[in-house]
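A.B. asks: Residues per chain, in single letters:
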Amino acid sequence: MHSTMTGKHNFKLTATIDEKHLGTLLPKHKINDEEYKTVKNILKRPPTLAELGVFSAMWSEHCSYKSSRIHLKKLPTTGPQVVMGPGENAGVVQIEDDLCIAFKMESHNHPSYIEPYQGAATGVGGILRDVFCMGARPIANLNCLRFGKRSHPKTSHLFTHVVRGIGDYGNCVGIPTVAGNVSFDDCYDGNCLVNAMTVGTIHRQKIFTGHASGVGNYVVYVGSATGRDGIHGATMASDSFDSRDKEDRSAIQVGDPFKEKLLLEVTLEVLEKNIVVGLQDMGAAGLTSSAFEMADRGKSGLFIDLDKVPVRAQNMTAYELLLSESQERMLMVIAPDKWEEAQKVFEKWELDFGIIGIVTDTNRVQIAKDGILEVDLEVAPLTEQAPRYDRPVKNRELKSNYSDEATLLKIQELKVQKVLQKLLHDTGCKQPMFQQYDQHIGTQTALSSTDQGAAIMWLRSDWCHSKFLGLALSSACNESYTRADAYTGGAHAVLKAARAIAATGATPLATTDCLNYGNPEDPLVMDDFVKSLAGMSEACVKLNTPIVSGNVSFYNETDGVSIAPTPMIGMVGKIQDYRLAKPAQVSKRAMFYLLTPSHTTFSFAGSLAEKTFTTPSSATKLPDINWEYEVAAMDYLSKQLSHASITACRDVGQGGIATAVVKLLKGSNWKVSVETENNLAPELYLFGEHSGSYIIACENDEWLDHAALPDGLSIRFLGEALPSDDCEIQFGTSICSLKELKKAEGSSLVFDHSENEGVQ
Amino acid sequence: MTKSSSVKIGLLQFPGSNCDVDCKNALREHFSIDVIPIWHTETTLPKLDGLIIPGGFSYGDYLRGGALASHSKIVADVKSFAARGGPIIGICNGFQILTEAGLLPGVLLRNAQRTFICKYTTLSTQSGKSFYQRTLNSSKINLPIAHGEGRYFLGREGLKKLHDNGQIVFTYDENPNGACDSIAGIVNEKGNVFGLMPHPERAMRTSTGGSSDGKLVWEAFLASCG
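If you read the sequences in order, they're chains A and B. Per this note's numbering, residue 69 is the first one in the first sequence, and the count goes up by one each step. Per this note's numbering, residue -10 is the first one in the second sequence, and the count goes up by one each step.
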């Protein structure tokens, strides 16, 4: 071994930056004057260029959470089910006995807007690594997507390639994509959102954390060789777009799902065989962040020799090697006596690997290239002492005198058929998207979320005593609600995800989030952020679904226009017997019952009808949520839905009762009747939105026990569906063609297949 | 149904195989058979009664599905196993590898609509002399497909030969990918090498996906293993 690998050396530090050039260097690295002063205070000298790159990456919004950290601390993160909360690569909750679930959601918005196929693919790759580097085997992926309006010239291009990128990556690695959500809204015209979530199973006693400890242990690089791709990815993700310079391709990573599959198997094999002390994915900010994070967690130092890093580009500088975000790479710490065994695993799976450094007791990360030190930094300042901002907020005043009148009048001018067609077109069937994802691989998928219900996975495991345990997975965020009222909208995102789980008969268990917002330096954006977090927190406390992991994506802004606040929620739930979980569609004759809070408010505020036919509400108070009834309804469903006579259930969401009924029907060969409510304008009853309601479909009403119904909830007969070639649905007195409605529902997605040349 | 666990079934594994575990589980959970994993770098197969080539993306399939895997070390001995009449089932990528290795005629091309397709399909069993055709006896079964390159292609003369010899085992009732004559699975002339795009290992329980028809395919395979 090379003599430098003892960690003892007399290497000299390379030249520090010429401060004459700060005027160009600092903006390029997105370090402001105040932050640069702190850098100087820490170092007592100017940084080297590589060090400036390290500070830029580690202190970026993406890595340091500098604008969000003080607010994230207020989230509810604890509970008896929580094994590991935020701060690690993924959160972990216990399901039963030693069987735990590791999960997290993460954004890949900025890269996906510039290069949708690679951006989305590497987003899936990154979140998979976050989960398997803890020792969890991924069992499911979810994706939450937002695009601009359908007619925007970029939308179908972005959507088509994002879906293909997600599919090609997950399909090749062999992880089923089972749930997710997608919507189209003007506010995403200049910034699409691609949020990927991975869920894995993990043994309670075998959860690994990424720490570097044991002086003299090897620092080992495993995976794809390093190229120039993705340099400054973390900094880019911490900036807004300007339409004048949107070509930023050098910062885009390129994915190789085949290498990811090998890395997955290598990682799980070395963890299973107890070969490694610690390991960490080289994700955002590449080698830099994994080295500093591992040294920080291990309270140790690291010496790294960049000449040992496997490369696939010529003449890379220290700066490039440190900040490259080449994909499918892992940094491992391995004791010398395990090295031979480790090598055998790497060789079996044919991955590049090499010892690139050693664990030291210096509390410094020292990085050399060609016999010269390029980085010589104390660990703590980069991590613990990273800047924290309490950004100013400006209260967004909400209008409290909302009237349903405008939307109601507009809808009353139209036929029910026409109204419903438009709503279904907007929130329609996601089957054409899900068909591009492998949903069945792993043979654990009991229900996949093609019709927007929750997915149900069978937890086939020897680590628990129950043989038919099921895991429910859902995701949600209604940007129309958060645009109107960040607090209530934030709560609704959690509620919607929980209701999708409750509608299968499962019980919500824990939450992850991906918080997508505009520019945090705008006090109104910061106000939305703080308020929606408060709304989410209240919901998670009330539903007992602590937030165990998450991610923040700021600067989703183009030319000064920010997206609507989009706190995407991913949720897991548990059901004792997955075989009893109910789907969200019926295929046989059914009676429909509506379970609803007795005094619910039907409203058009923030509704799909309002967005479709008038102007979407902004800064408008939404009706208050009645937590007692929400919780009571979920409890009730978890007890009742296992009844054999119940065939399906779905919660009433966007587009109201009429939309939910059409979505409940598989195909169009039905004759359906739906009753309206006497005390309410039929349009408000059918298309207005309200919280806490579910439609239960059943063969008969044997399950119905009014006495068991908690106070404040009511169940009433809603209608009936009979298989028929009439293809007809009647709402009150209005008769609609179900064929036309289903056609509208099926036309919701905007694929551009002319672009599918070169599909894998 | 329980099959004697003395039957020796091998499972070929390449870097990038990802349906191997599903095949292993299917045989263990439903037939009490522990498959013998065989890594692609081996040069000889152990003594086997039958061999499974599972689905996945062997070597990333960056050239063409199965093209690289068909040149790996173990393939020479797979060919002699086939020549001796050894039963082989290749599923999805396994089917691609069998055609690329010349053990089955034809090639699997990119789907006509140029996207990956994952869905359940209804298959009709065609008549012929293989174990599969005799066991399934003209029945219709439901199996899921999940592939980007599953469009079976063969020239007109080759297709005629397949029809004349009764080598077509499964056809899709609704052609999902543009395959010639809606072909989903074929056997070689001797009937011992079987390749199909649909995944029988994923259709073992109605509670995970909606069909347990995959069992029928495995029963036929195991019957052919003696």
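It should be emphasised that the hints constitute simulated quantities derived from the structure, not laboratory data. Keep in mind that the hints are not guaranteed to be accurate.
Stated by the list, open to error - Each computed DSS-like pair below joins lysine-lysine, with the alpha-carbon atoms no more than 27 Å apart:
#1 K105(A) / K535(A)
#2 K36(B) / K179(B)
#3 K108(A) / K478(A)
#4 K416(A) / K204(B)
#5 K734(A) / K656(A)
#6 K68(B) / K179(B)
#7 K129(B) / K416(A)
#8 K108(B) / K498(A)
#9 K483(A) / K739(A)
#10 K811(A) / K108(B)
#11 K535(A) / K129(B)
#12 K(-3)(B) / K807(A)
#13 K734(A) / K129(B)
#14 K129(B) / K108(B)
#15 K118(B) / K129(B)
#16 K129(B) / K412(A)
#17 K416(A) / K108(B)
#18 K416(A) / K(-3)(B)
#19 K656(A) / K129(B)
#20 K734(A) / K179(B)
#21 K656(A) / K108(B)
A.B. asks: Run the structure past the numbered hints and jot down the numbers of the failing ones, going up.
C.D. replies: 1, 3, 4, 7, 11, 12, 16, 17 and 20
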